[in-house]
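So the protein sequences, as listed, match chains A and B. Under full-length UniProt numbering, the letters of the first sequence match residues 1 to 395, in that order. Under full-length UniProt numbering, the letters of the second sequence match residues 1 to 395, in that order.
Don't read these hints as lab results, they were simulated from the structure. Incorrect hints may appear among the rest.
As the list claims (entries may be wrong) - Below 30 Å or equal to it, Euclidean Cα-Cα: the simulated DSS-like pairs (lysine-lysine) are:
hint	chain 1	residue 1	chain 2	residue 2
1	B	Lys309	A	Lys15
2	B	Lys60	B	Lys122
3	B	Lys77	A	Lys309
4	A	Lys238	B	Lys194
What the hints assert, rightly or not - Now the stretches of chain B that chain A is said to cover, found in silico as 3 or more residues with beta-carbon under 8 Å:
hint	segment
5	171-177
6	203-212
What the hints assert, rightly or not - Some chain B residues judged to face chain A by a derived CB distance under 7 Å, without partners named:
hint	residue
7	Met1
8	Val4
9	Trp81
10	His254
11	Gly258
12	Arg331
13	Leu337
14	Glu341
15	Glu387
16	Arg391
17	Phe392
Where a beta carbon is used, it is the ideal one built from N, C-alpha and C, also for glycine.
2 protein chains.
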Amino acid sequence: MDMVVDTDFPDWRTKCSIHSKAGSILHIPREGGFLCRIYVDLGQVLEDDNGRIRETPVKKVIAKANEIYHPYSIDVKDVAWSSVYEVGHRLVDAFDNSNPDNPDHHPHVFLTGDACHTHSAKAGQGMNVSMQDGFNIGWKLGAVLSGQASEKLLLTYHGERQPAAQNLINFDKQWSTLMATPPELLEDPQAVEKFYVSAEEFAAGMLTTYEQNLIVGDTTHQDLATGFPVGRRFKSHKAMRRCDAVVTHIGHEHVADGRWRIYAFADSPAPGEPSKMTAWADWMKTDDASPLRRFTPAEGDDNAVFDIKGIYRQGHHDFELFDAPDVFFPRMGTLSLTSYENVYAALPGEDIFAGRGISRDGAVVVVRPDQYVAAVLPLEDTAGLSEFFDRFLRE
Amino acid sequence: MDMVVDTDFPDWRTKCSIHSKAGSILHIPREGGFLCRIYVDLGQVLEDDNGRIRETPVKKVIAKANEIYHPYSIDVKDVAWSSVYEVGHRLVDAFDNSNPDNPDHHPHVFLTGDACHTHSAKAGQGMNVSMQDGFNIGWKLGAVLSGQASEKLLLTYHGERQPAAQNLINFDKQWSTLMATPPELLEDPQAVEKFYVSAEEFAAGMLTTYEQNLIVGDTTHQDLATGFPVGRRFKSHKAMRRCDAVVTHIGHEHVADGRWRIYAFADSPAPGEPSKMTAWADWMKTDDASPLRRFTPAEGDDNAVFDIKGIYRQGHHDFELFDAPDVFFPRMGTLSLTSYENVYAALPGEDIFAGRGISRDGAVVVVRPDQYVAAVLPLEDTAGLSEFFDRFLRE
């Protein structure tokens, strides 16, 4: 229930998990300084309850809450919203209508969110994971329907999101069980706090890992960029945008536009000097086998499909913007203007090369439209890059 | 002019001031990655020009810009906006229709912004200073028209904003002159850069200083809070909000609601213990001479006129929220709910007491609705606080 109260409970504005002999409350202050949402555990529902628990009157829930808050108490002034529900852990068999016996049958019906997975509300994951379902199928449908990608791409939706939902349900069972355990039965009185803190990265969605598939490469070259694990969310880092000397969280520049991001992390030579980076950039810009040349429609922006960024080890005072190769200056829009914002320099105090474990030989990091790392490749492995996109993109 | 171009000028996306033999440009990249605004100095206007300079065609301005950018050049693809104008330095005699010979005649006509002061656009101050004019007269009119304050308050508008405008014009003359000086005549080639950096605090509006007047106290007790100079903008600092342990920039909580902020900085004893702070808080809450009791309408929120915050030296784990005195828990709104957000603890690494030079004896810092520091007083000087508000507030 969401409510405003008079209370002597000193932590009213602090998120907390309360375990007392009378039961447990998850207490979450809401915006605005007064309103608070509390999840009051009403205990185990009997097998033959048949939904009668849902008719529990608000007064009874408030009385239960007061038992749990004791020796503090709440005098409820207004209930803005309330709901009584049972927690069920359920997972759908398939997220689509594909046929495992016939991999050439491409699915055209997809389920997302609550239609696929149900669990408790206590980890705040329901909406988050459901939106990730939606984004996952969304960009794939867009790519297939626009003719950019092969229909095979759609098979990866179930393949990626079903395990993610299973992991969430496993996590939620652990968390709900812990929340419902009477404090005297916990081995460690701080067990709940410790679990919550340890689960932070999971709850932030950064631990979802997609296994190798059509659009997730292998981990052969993971050592070139240890801070960008293949199959996980791209974890942003700061760098200095060369054109305007703005300190930029590079991942925060990603927009939901269905484009692929390709980060080229340089080897040691400065921009413009002969190097693996320069060779890669020239190949990308001019070679007929380059995905940029093969898959970018002739009539559109140079960066319509691939958003290519170059990141250098040199400080931003140590080179000029236009020292960087042409591939980082795509032309865009009706006036065919040059985009200047694709060249970055490492920051002295917060070096992205150190922060994300980039090899001295540089690396190419391919990031999907949904921000998952698709591949890590050596700058020299242009064939590997060609082959990766050749699997699912259409010329 | 605002425009998009093809160019080989490597600093196109960087704010810069360009001085070359052909003249000067102030170059300001705009939002979106492509557009740039440039101020092209067309030189001295002849006495008998009579506005003909304003008919200068865009082509001619572009040609002049190219001379100045040389050896780089711009190929203009689109001009989004342009204007040719002369810079005039003008200041109105009076910001209102008050009569210096008759202080009982209260002004009822007020001028603000461009109607009072004109100068160059090069310091980006025109809109900023004009909005400050507007805010200054706005809250004063509100206070007088609602019956909260005496009409005398209105006399402080001209008294405060006319000198501020004069200072701006003096500053702008210096800055324009420097920008127009040919580089070979500058004593130091970095003179422009140095002036710009040194003027940062002025340009941010933090150096405007209102002299002692009806609503700006004297500086007798300035040593109790050296980081909050009386008559200047309140310079925010971080502290830990006790109720929810949120690190808060206290000044960012100010909203434009016409209320006065009173910050009570504690002496050493902990919240609730006998102290100057506790005595002040009790006096404020209960004494008939307290401005809170005298000037707060009986039918409204407890904090309708005064937004009172208590800031303690103790860390937020070292005391409980409700240890703090009642005056910091005003009741508000139709349900008469308690506001919990008025008690702060100093942060260990960024102590507001050290950061703003607060005395060991504590201090009361009064902040006006427009964020200017109105008074610094000892916690014990309750008479001084009464007297200050008694000058212009109405019961």
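Consistency of the hints with the structure:
1. Lys309/B to Lys15/A: 23 Å, holds
2. Lys60/B to Lys122/B: 21 Å, holds
3. Lys77/B to Lys309/A: 25 Å, holds
4. Lys238/A to Lys194/B: 28 Å, holds
5. 171-177: violated (count 0)
6. 203-212: n = 0 at 8 Å, threshold three: violated.
7. Met1: The hint is violated - Met1/B has no Cβ within 7 Å of chain A, the shortest such distance being about 16 Å.
8. Val4: OK, holds: Val4/B within 7 Å of chain A, min 6 Å.
9. Trp81: With a closest approach of 16 Å, the Trp81/B hint is violated.
10. His254: Not OK, violated: His254/B not within 7 Å of chain A, min 15 Å.
11. Gly258: Where the cut-off is 7 Å and the nearest Cβ of chain A is about 19 Å from Gly258/B, the hint is violated.
12. Arg331: With a minimum Cβ separation of about 9 Å from chain A (threshold 7 Å), the hint on Arg331/B is violated.
13. Leu337: 5 Å, holds
14. Glu341: This interface hint holds because 5 Å falls under the 7 Å limit.
15. Glu387: Since the shortest Cβ distance to chain A is 33 Å, the answer is violated.
16. Arg391: With a closest approach of 32 Å, the Arg391/B hint is violated.
17. Phe392: With a closest approach of 30 Å, the Phe392/B hint is violated.
Comparing the model with each numbered hint stated earlier shows that hints 5, 6, 7, 9, 10, 11, 12, 15, 16, 17 do not hold.
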